[in-house]
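Asks: Read off the chains here:
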Amino acid sequence: MKSLFRFFMLAFLLMPAMTLVSSAQDSTQTEVNKKNLSAASGKTKMLLTGAGWFGFAYDKDAKLNFNSYGFAPVFLWKISDKLFFESEIEAPQGEFELEFAKLNYAVNNYISIGAGRMLTPFGAYGEKWEPAFIERFPNNPIIPDEDFLPGGTHLNWGAIMGLDVRGRVPLGNSRLSYVLFVSNGPSLDNSNGLIDYENLDDNNANKQVGGRIGLLPFSNSCLEVGFSYEQGIAGNSEDSVYQINSEWKDYSKVGASAMAVDLNFVKSIPKIKSIISVKGQFGSYMVDDAYYSVPEGFTANNYAPGDSTLYTFNNTLQNYYAQFSFRPALLKNKCLKNVELLFRYNSLTEPKDAAWSEKDNNGAGGVVTRLDIGLCYWLNWRTGLRFAYEGTTHVNGEQSNELLARFVMGF
Amino acid sequence: MKKITSLSITIIFSIGILLFINGCAATEKVTAKSGAQIWGENCLRCHNAPDPVDYSDAQWETVGMHMKQRVNNLTEAEINKVVEFLQSAN
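Listed in order, the protein sequences are those of chains A and B. When the letters of the first sequence are read in order and numbered with the working numbering, they come out as residues 1 to 411. When the letters of the second sequence are read in order and numbered with the working numbering, they come out as residues 412 to 501.
Take these hints with a grain of salt, some might be off.
Derived DSSO-like pairs: lysine-lysine, alpha-carbon spacing no greater than 27 Å straight-line [said to hold, decoys possible]: (1) A:Lys334 x A:Lys273; (2) A:Lys337 x A:Lys267; (3) A:Lys102 x A:Lys82; (4) A:Lys207 x A:Lys102; (5) A:Lys271 x B:Lys444; (6) A:Lys332 x A:Lys271; (7) B:Lys440 x A:Lys271; (8) B:Lys444 x A:Lys352; (9) A:Lys271 x A:Lys337; (10) A:Lys359 x A:Lys60; (11) A:Lys249 x A:Lys334; (12) A:Lys102 x A:Lys253; (13) A:Lys332 x A:Lys273; (14) A:Lys267 x B:Lys440; (15) A:Lys271 x A:Lys334; (16) A:Lys334 x B:Lys440; (17) A:Lys267 x A:Lys334; (18) A:Lys273 x A:Lys352; (19) A:Lys359 x A:Lys267; (20) A:Lys60 x B:Lys440; (21) B:Lys440 x A:Lys359.
According to the in silico footprint, chain A covers these stretches of chain B (three or more CB under 8 Å from chain A) [said to hold, decoys possible]: (22) 435-447; (23) 454-460.
Coverage of chain A stretches by chain B, computed from C-beta distances (three or more under 8 Å per stretch; other residues unrestricted) [unchecked claim]: (24) 45-54; (25) 110-122; (26) 218-228; (27) 264-272; (28) 297-304; (29) 379-387.
Think of the hints as simulated: they come from the structure by calculation, not from any bench. Ideal placement from N, C-alpha and C gives every residue a C-beta, glycine not left out.
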């Protein structure tokens with residue numbers, strides 16, 4: 001009985017020590033497992049990130065419309081310290097599309113080269129500020145896309161196919177960033193003079209070249225001013241021909257060029273316990289002169305000499321937007337610090353004599369403007385609720401108003 | 412003749428730009444910045460500053476490479492500083 005008691009006492013005393021040994025063994029085993037897992041996974045590091053969203057619009061005609069949803073997973077692979085692959089599949093309104101798929105190689109500390117389908121490195125919005133978890137408003141700025149142009153045209157919007165070289169240059173307290181690219185270039189719709197920059201198959205032997213230079217004059221990088229330019233032939237190499245003054249012409253030499261200026265100022269101001277942000281972009285898109293068929297029922301201002309079936313117009317389109325936001329992020333109040341107030345003014349000037357541009361009641365072209373006033377409530381750094389009033393004034397003076405809401409979840 | 416003049420101006424201008432760029436370097440004020448400072452100054456320019464705990468150490472490395480392409484104004488050394496800061500804080 002006594003020996004049995006001694007056995008239990010010994011066991012009781014040894015129990016903590018055994019637990020410790022067991023714990024140490026577990027811990028060692030965990031480390032071994034971690035190492036094995038690390039070795040098994042190799043050097044490739046993959047990350048799935050992106051955003052999903054859902055929203056609605058309200059206007060006096062359509063009333064409430066649950067019209068906005070989407071999912072945009074972004075796949076990132078670090079293959080080595082030099083090699084990196086990035087891709088996004090975007091499914092706005094449920095239609096899946098490969099947004100970009102690009103391989104990047106870091107040549108050195110300052111330069112990297114990339115190839116594939118990439119977001120247009122023209123201006124700043126498309127490449128940097130467009131992702132749903134970054135865009136504070138539930139809508140995009142007015143951009144020359146299918147909402148305003150016929151036929152699903154993209155003017156410097158979406159993706160291009162090509163190569164780019166990008167890098168950065170330190171300049172004392174300032175710095176300069178640059179992107180130079182070569183791509184398939186825009187394509188021209190010779191029925192109406194519209195160009196489409198999302199030209200994933202080359203339509204001619206010519207390549208477009210372009211780039212963006214960003215200047216950050218201050219050491220704290222609070223201000224960046226970007227200048228972009230691109231130029232290429234847009235006409236198809238085997239396009240149809242037409243006759244002007246007995247001279248045969250075709251569209252194969254019709255070129256397109258574009259320039260943009262973007263600005264980004266973001267500053268944390270402790271005195272007002274807030275972060276303020278001013279962003280904007282101006283773009284001008286030019287297409288060489290050419291003649292196009294006169295659509296039925298359209299009265300042109302400039303017909304071809306001796307031929308009233310053809311007309312021409314100054315094919316220049318301009319757009320800009322300026323955005324201001326204010327967030328009292330340095331306040332202690334947990335609710336107020338997550339509120340961001342937003343204001344944005346947008347303008348779009350289409351070629352006034354083009355058959356496809358918006359016209360006033362007298363048939364003249366003009367400017368479409370839009371005012372967006374919004375509020376964003378951040379639930380975390382990449383998830384939030386966005387609300388906005390969107391008031392658009394069309395060329396004919398008609399006003400359309402909408403209330404928009406969107407919930408965006410970054411992951 | 413015109414072509415030769417244009418070419419000469421372009422070459423001289425390019426050499427001038429290259430010499431200017433090579434003559435410039437980041438000041439100590441810029442190179443001495445910590446990863447936390449670079450993170451605070453640059454992430455906010457497009458989106459809210461991320462929470463370090465949102466990704467693992469390995470994932471931050473991948474995010475760093477992605478941001479190097481997107482931001483484009485940070486050198487590899489600066490991106491590495493930010494990644495190291497985020498890894499140490501998560």
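Asks: Does each hint fit the structure? Answer for all of them.
Replies: Against the structure, the hints:
1. Under the criterion of a C-alpha separation no larger than 27 Å, the hint pairing lysine 334 (chain A) with lysine 273 (chain A) is consistent with the structure, at around 13 Å.
2. A threshold of 27 Å between alpha carbons decides the hint, and for lysine 337 (chain A) with lysine 267 (chain A) the separation of about 15 Å falls inside it, so the pair holds.
3. Restraint check: the Cα-Cα separation between lysine 102 (chain A) and lysine 82 (chain A) comes to about 14 Å, which is no more than 27 Å; the hinted pair holds.
4. Using a Cα cut-off of 27 Å, the hinted pair lysine 207 (chain A) and lysine 102 (chain A) holds, with the two alpha carbons roughly 19 Å apart.
5. Pair hint lysine 271 (chain A) plus lysine 444 (chain B) holds up; C-alpha atoms about 23 Å apart against a cutoff of 27 Å.
6. Of the supplied pair hints, the one linking lysine 332 (chain A) and lysine 271 (chain A) holds, its CA atoms being roughly 14 Å apart against a limit of 27 Å.
7. Between lysine 440 (chain B) and lysine 271 (chain A) the alpha-carbon distance is near 24 Å, which keeps this suggested pair within the 27 Å criterion.
8. Taking the CA atoms of lysine 444 (chain B) and lysine 352 (chain A), the gap is about 51 Å. The hint is violated against a cut of 27 Å.
9. Among the hinted pairs, lysine 271 (chain A) with lysine 337 (chain A) is consistent with the structure: their alpha-carbon atoms are about 15 Å apart, no more than 27 Å.
10. Proposed proximity of lysine 359 (chain A) and lysine 60 (chain A) is supported: the alpha carbons are some 24 Å apart, at most 27 Å.
11. The suggested pairing of lysine 249 (chain A) with lysine 334 (chain A) is violated, with an alpha-carbon distance near 67 Å, which exceeds 27 Å.
12. The hinted pair formed by lysine 102 (chain A) and lysine 253 (chain A) fails the criterion: a straight-line CA distance of about 30 Å is larger than 27 Å.
13. At roughly 9 Å between alpha-carbon atoms, lysine 332 (chain A) and lysine 273 (chain A) fall within 27 Å of each other, so this suggested pair holds.
14. For a cut-off of 27 Å, the pair hint linking lysine 267 (chain A) to lysine 440 (chain B) stands: about 19 Å separates their Cα positions.
15. Using a Cα cut-off of 27 Å, the hinted pair lysine 271 (chain A) and lysine 334 (chain A) holds, with the two alpha carbons roughly 18 Å apart.
16. A hinted pair counts as satisfied when its Cα atoms are at most 27 Å apart, and lysine 334 (chain A) with lysine 440 (chain B) does not qualify at roughly 34 Å.
17. Pair hint lysine 267 (chain A) plus lysine 334 (chain A) holds up; C-alpha atoms about 21 Å apart against a cutoff of 27 Å.
18. Among the hinted pairs, lysine 273 (chain A) with lysine 352 (chain A) is inconsistent with the structure: their alpha-carbon atoms are about 46 Å apart, more than 27 Å.
19. With a C-alpha separation of about 41 Å, the suggested pairing of lysine 359 (chain A) with lysine 267 (chain A) is violated against the 27 Å cut-off.
20. Proximity of lysine 60 (chain A) to lysine 440 (chain B) is assessed by CA-CA distance (about 56 Å); at most 27 Å being required, the pair is judged violated.
21. Restraint check: the Cα-Cα separation between lysine 440 (chain B) and lysine 359 (chain A) comes to about 55 Å, which exceeds 27 Å; the hinted pair is violated.
22. Given as covered by chain A, the segment 435-447 of chain B passes the check, having 6 residues with a CB less than 8 Å from a CB of that chain where 3 are the minimum.
23. With 6 residues having a Cβ less than 8 Å from any Cβ of chain A, the segment 454-460 of chain B passes the three-residue criterion, so the hint holds.
24. Only when three residues or more bring their CB closer than 8 Å to a CB of chain B does the claim for the segment 45-54 of chain A stand; here the count is 4, and the claim holds.
25. Under a criterion of three residues with beta carbons nearer than 8 Å to beta carbons of chain B, the stated coverage of the segment 110-122 of chain A is upheld, 3 such residues being counted.
26. For the segment 218-228 of chain A, the assignment as covered by chain B holds, since 5 residues bring a beta-carbon within under 8 Å of that chain's beta-carbons and 3 suffice.
27. Residues of the segment 264-272 of chain A with a Cβ under 8 Å from some Cβ of chain B number 3, which satisfies the need for three, so the listed coverage holds.
28. Under a criterion of three residues with beta carbons nearer than 8 Å to beta carbons of chain B, the stated coverage of the segment 297-304 of chain A fails, only 0 such residues being counted.
29. Figure legend: the segment 379-387 of chain A, annotated as covered by chain B; annotation consistent (3 residues with Cβ-Cβ distances under 8 Å, at least 3 required).
Violation of the numbered hints given earlier is confined to hints 8, 11, 12, 16, 18, 19, 20, 21, 28; the remaining hints are satisfied by the structure.
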